[in-house]
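If you want the building blocks of each chain, they are given just below.
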Amino acid sequence: MERISFLTSNFGKYDTSSIGSYMKIGGFSALRKAVTMEPLSISDLIASVKVKGRGGAEYDMGRKLSQARAVKGERKVVICNADEGETTTFKDRELIKNDPFNLIEAIIIAGFVVGATDGYIYMRAEYSCFRPLLLNAIRQAKSYGFLGENILGKGFDFNIHLYSGAGAYVCGEGTALIRSIEGKAGRPRMKPPFIKQSGVFSRPTCLCNVESLSIVPHLLLDEEQVYARCGRGDSIGTKLISVAGNVNKPGVFEIPFGTTVREIIYELAGGVQKDRHIRLIQFGGASGKVADESILDTPYTYEDLRAAGVMVGSGGILVIDERTSVLDFLRMNQEFFSEESCGQCTPCREGNLHIKLILDKMAEGKATAEDIRLMHKIARVMSMSSLCGLGETAQNSLLSAMKVFPGTFAVGGAEA
Amino acid sequence: MSENVNQAEKQEMVHLTINNIPIEVPKGTKIMQAAREIGIDIPHLCYHEDQRIKAHCRLCSVEVTGRRRLLAACSTEVWEGMEVHTDTPIVRDTQVAILQLMLANHHKDCLSCPRNQNCDLQRLCSRFNIMESHLPSVVKEEPRIVTNPAIVRDPSKCIRCGRCIRACKDVQGIAALTYAHRSSDITVTTAYDKPMERTDCVLCGQCSLVCPTGAIVEKDDTDAVLDALQDPKKHVIVQVAPSVRVALGDAFGMEPGEIVTGQMVTALKLLGFDKVFDTNFGADLTIMEEASEFLHRLEHGGTFPMITSCSPGWVNFLEKNFGDFTAHLSSAKSPMSMFGAIAKTYYPEKAGIPVEDIVTVSIMPCTAKKFEAARPEMGREGRQDVDIVLTTRELIKLIKYVGLTFQNLPESDFDSPLGYGTGAGAIFGASGGVMEAALRTVYEKYTGKTLERLDFQSVRGFEGIKEAEVDLGSRKAKVAIAHTLKNARILMEQVQRNESPYDFIEIMACPGGCIGGGGQPIGTTNAIRKKRMAALYEIDRNLPIRKSHENPDIITLYKEFLGEPLSEKAHELLHTHYHKVEKEYTF
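Residue numbers (my numbering), protein chains in the order written: chain E, 1 to 416; chain V, 417 to 1003.
Because the hints were derived from the structure by calculation, they are not lab data.
Quick caveat: nothing in here was measured; it's all calculated off a predicted structure.
Please note that a few of the clues may not be correct.
Stated by the list, open to error - Listed below are the simulated DSBU-like cross-link pairs for lysine-lysine, each with C-alpha atoms no more than 30 Å apart in a straight line: (1) 366(E) x 356(E); (2) 196(E) x 585(V); (3) 585(V) x 361(E).
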């Protein structure tokens, strides 16, 4: 299968503690180029290769930037969402660890496109080991004039602040993340107001994932259009994915869109441990949907995965082999959401608890057909009416498993 | 100019359909309001018309064509061409499921709940024909918290809607209540889970007024009143605050702001009170002392600005937050406490009844009055001046208890000698009223002239902070009025910075003053507060005597008993002092 290194092309090529080392491999030339361009032509470029938000929401990244530019308001903000909280998703960590200067450069370019004065990196508590690395990168970028006032003599003022979360899954949700930066409890709020109009400290805010931002400097320098030639259908370019679970070589891989799930699991991730059977595969983290083995030959693209009933989401792939039952997997997932719900809205707060209780009852073999019906109903109500994305997607695994593994939910029937 | 543009924008109309009914509403209208226009009440619990939108309970979820997920009707603005459906199977399923989920985490012992038949959750369950929860109970056994004389919390009845949190934080600026923990462990609680009275809470009861269930209620003292009334040895007298008579009717299906003084007095007599007196009399007495105190400070020097101390929530707030500034408070007691002091001294003498047989009850719009009555300084010889304080809500309970058809009761008058109040006393119930009442007396006493126009329009109304300048001839007096503690804080911070331009300040803890007090009927909103306010000014307008110092019973009281304002006896009975309360924590 085809291997590509586009987004990861800097990995291992420079000393991540030294801006000089980064500049030797061409670091900050993307920023130098960007400041000579019309901001909107940069967002157009991103839109032309159909980069979607890589955090999971899959919103058109070019459009996001151009909309943020169009918002009227003083002192706009760009936030880099590094609160990578989805279980089995750890690709942003590799970008922070192996290419911190590219990330800083990317945030500055995004700030330039949007017309922002401040950038925030909101980093999950568990990544605090990378704080010194990023703080050093920010400090050095500032001392070289890439941050601060009048950047590259273009009259562009921009600073980057690093903020570590206290450790809550829901803080990956935009409004909760913003509240957390503001020093409040990290709980989502209703929208509107939308973040783009009134985000952190009520300032117009453009919030992007680490990976979505990291693509930008590479795209600006991609004169041979390597990126645009990768991919399949509407899914152009490459994607950073993380594979976890019962595979021989779990890890982070950059793939061109269109690589099949089988190639990912069996060639990149080294196949399933001891050649066991795959019980299920979950795509996109804890809030992702599940599939069975029949998905193996599906190409990894936004469209194909969606047609197969799952989603790219955060780019995480969890492989579960035959040793774990579908029910046990769902109970583990449910345990997670029962703890991580913020508790504000009724469907998510109470629904997660009751689904957990019914799954426990199933495990004891005491669940009735009425319990299963009720569980399905609660899950549907949660996904239809919760306040934020957590409640809306917490039951993705359950609802998809009910379709893919009906036997698990047949009362008194066979365990899948 | 920009205001005109904004108004033009507001006028822009949006066309949509709700359940296929076409409707036109101004741009910016939320789905919930649009639906109301055509008579559709979308169910809701966390939504409250005076609060900013939370969209927590999700009960108002509705279907909008083209949207995969349901949208919250409380928070979603309508757009051109929107097609809303409030009655589809998924909407109904969602509403019922959400109520079921709430019920599973709620004590369903409605019979034991003070909010039985006056509970939003109960009403919605009735509407959706939900008789029981299909889900197993997950309610945690948590005891009722009954540590203070005013507010009772029952966490097992809390539906975590956040209305109390918003009232405390956004209206009062106190934030004594907040969310703690997360997921199904989320609770509404105080800092460090301390009892409310040991937090920044001032017991104003605004939380109890907006709580949709029985999770926060006033401490119920109706049994103590019934016991006293049934005790033949006791002479039970009652005083009623000015704002009760314009709020009580709400609970009996009357129009908000309807003046029900006469029916109220009849109801109290039918309840068995030996005498029914008027706190307006106490208000007139307060004006006599407070106006004299103000003039005394003007003439002999004293701490300025002088600030009123009638509102016990406000006094608690000052003691807890600006404890170094208690000297600014008027030493004149509140009307309730002055009345109590007279009722336990002058009245027994006059009526020939031993003081130990007298039980004094007061009907107040306020939960914090329960705390005020229990203050050790509000009594003498080990006896409290006011024995029992009932809120308007508890009076409603008593009227229902004895089975009176309130709206059909004939009218009757207060008893004498403590039953006559002037128009000045009546307007004490509205924010700005104490100031206006005081100015009527201050002006005449200071200038020696008769006040031609009694209405001080600039101190009326619902703005958060009002100010006025009164020409006293030889000098001008600058006054300010604030309601809600959020606004009080603004004025106190001026005092703290030594930048207060005022001579006299009136502060009421609750929105609109006592007419919006924390003990008023459930369902009180700002719109209703305004109607009650107007009603009090109407009472004032229609009374023959509108100045406290012209109240004949007050004149007699001074002649027979007190001597003159600020006399030694008046000081002993009618004045008090306040003290700093140390905080148990800081943030």
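We went through each hint and held it up to the structure:
| no. | hint | result |
| --- | --- | --- |
| 1 | 366(E) x 356(E) | 14 Å, holds |
| 2 | 196(E) x 585(V) | 26 Å, holds |
| 3 | 585(V) x 361(E) | 41 Å, violated |
Going down the numbered hints, you'll see the structure goes against just number 3.
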